[in-house]
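Engineer: Okay, here's what each chain looks like letter by letter:
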Amino acid sequence: GAVVSQHPSRVICKSGTSVKIECRSLDFQATTMFWYRQFPKQSLMLMATSNEGSKATYEQGVEKDKFLINHASLTLSTLTVTSAHPEDSSFYICSAQPQGAEQYFGPGTRLTVT
Amino acid sequence: GENVEQHPSTLSVQEGDSAVIKCTYSDSASNYFPWYKQELGKRPQLIIDIRSNVGEKKDQRIAVTLNKTAKHFSLHITETQPEDSAVYFCAASSTGRRALTFGSGTRLQVQP
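Quick mapping for you: the protein sequence lines, in order, are chains A and B.
The first sequence runs 4 to 117 under the numbering used here.
The second sequence runs 1063 to 1174 under the numbering used here.
Be aware that a few hints might be false.
What the hints assert, rightly or not - Some chain A residues judged to face chain B by a derived CB distance under 10 Å, without partners named: (1) 7; (2) 11; (3) 39; (4) 44; (5) 60; (6) 62; (7) 96; (8) 104; (9) 110; (10) 111; (11) 113; (12) 117.
To be verified - If you want the footprint, here are the derived chain B segments under chain A, 3+ residues with CB under 8 Å: (13) 1077-1091; (14) 1100-1107.
Treat the hints as calculated values from the structure; they're not laboratory data.
Glycine is no exception: its CB is placed at the ideal position from the N, C-alpha and C atoms.
Taking the hints into account, I'd like the entire structure generated from these sequences.
Structural biologist: In structure tokens:
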């Protein structure tokens, strides 16, 4: 099956700093990747759709200047949380669709902002 | 946009019993309905999915039914086992909006 990786798996940062999370498709090319956020005991919420070679599409309520997405190649999308604050602490998960409708999820990144 | 509602939020069953989780969706354009099992701190794991041209699909102890007219779909787990304990999410997407819209989740606990 298709494999999606994420790095890092866990990160702790201080308030006001920026954190970059990488999402890679290891055995397929992905023109589109999706970034979700999951707060404790809640569901996954789509943050943005990452499009290779063009600007990301953000969901309503997600600040595009705070959550910077770059999809510079067909196998890599990055999410940068800028000026992170404790309320940004969450589980961030990416996904991609190699073909068809099924999505393959990365293992997630646990971000803790102190 | 799409809105997916899921019930119940928690479900406790005895080992060997059946469990049913129900979801409704709002967008008639949705045509793909996956179910995921998620364990704490892990990624969602696809357990079964159904497309809108099919009314029912079964895989061993797991089945999904879809009623397009009523816009609802359900997950059925038979002969539950303690290892089935987890949080289950339904989701929906369409050809036009490929991103998934998730339900709120159901915490299933199977008592041995």
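Engineer: Each hint: holds or not?
Structural biologist: Results for each hint:
1. 7: With Cβ-Cβ at 9 Å, under 10 Å, it holds.
2. 11: Since chain B brings no Cβ nearer than about 14 Å to residue 11 of chain A, farther than 10 Å, the hint is violated.
3. 39: holds, 8 Å
4. 44: This interface hint holds because 8 Å falls under the 10 Å limit.
5. 60: holds, 9 Å
6. 62: Check passed: Cβ of residue 62 of chain A comes within 8 Å of chain B, closer than 10 Å.
7. 96: holds, 6 Å
8. 104: Interface hint status for residue 104 of chain A: holds (4 Å vs cutoff 10 Å).
9. 110: holds, 5 Å
10. 111: For residue 111 of chain A, the interface hint holds, since the closest Cβ of chain B sits about 5 Å away, which is under 10 Å.
11. 113: holds, 7 Å
12. 117: Since chain B brings no Cβ nearer than about 19 Å to residue 117 of chain A, farther than 10 Å, the hint is violated.
13. 1077-1091: Three-residue rule not met by the region 1077-1091 of chain B, so violated; n is 0.
14. 1100-1107: Since 4 is at least three, the answer is holds.
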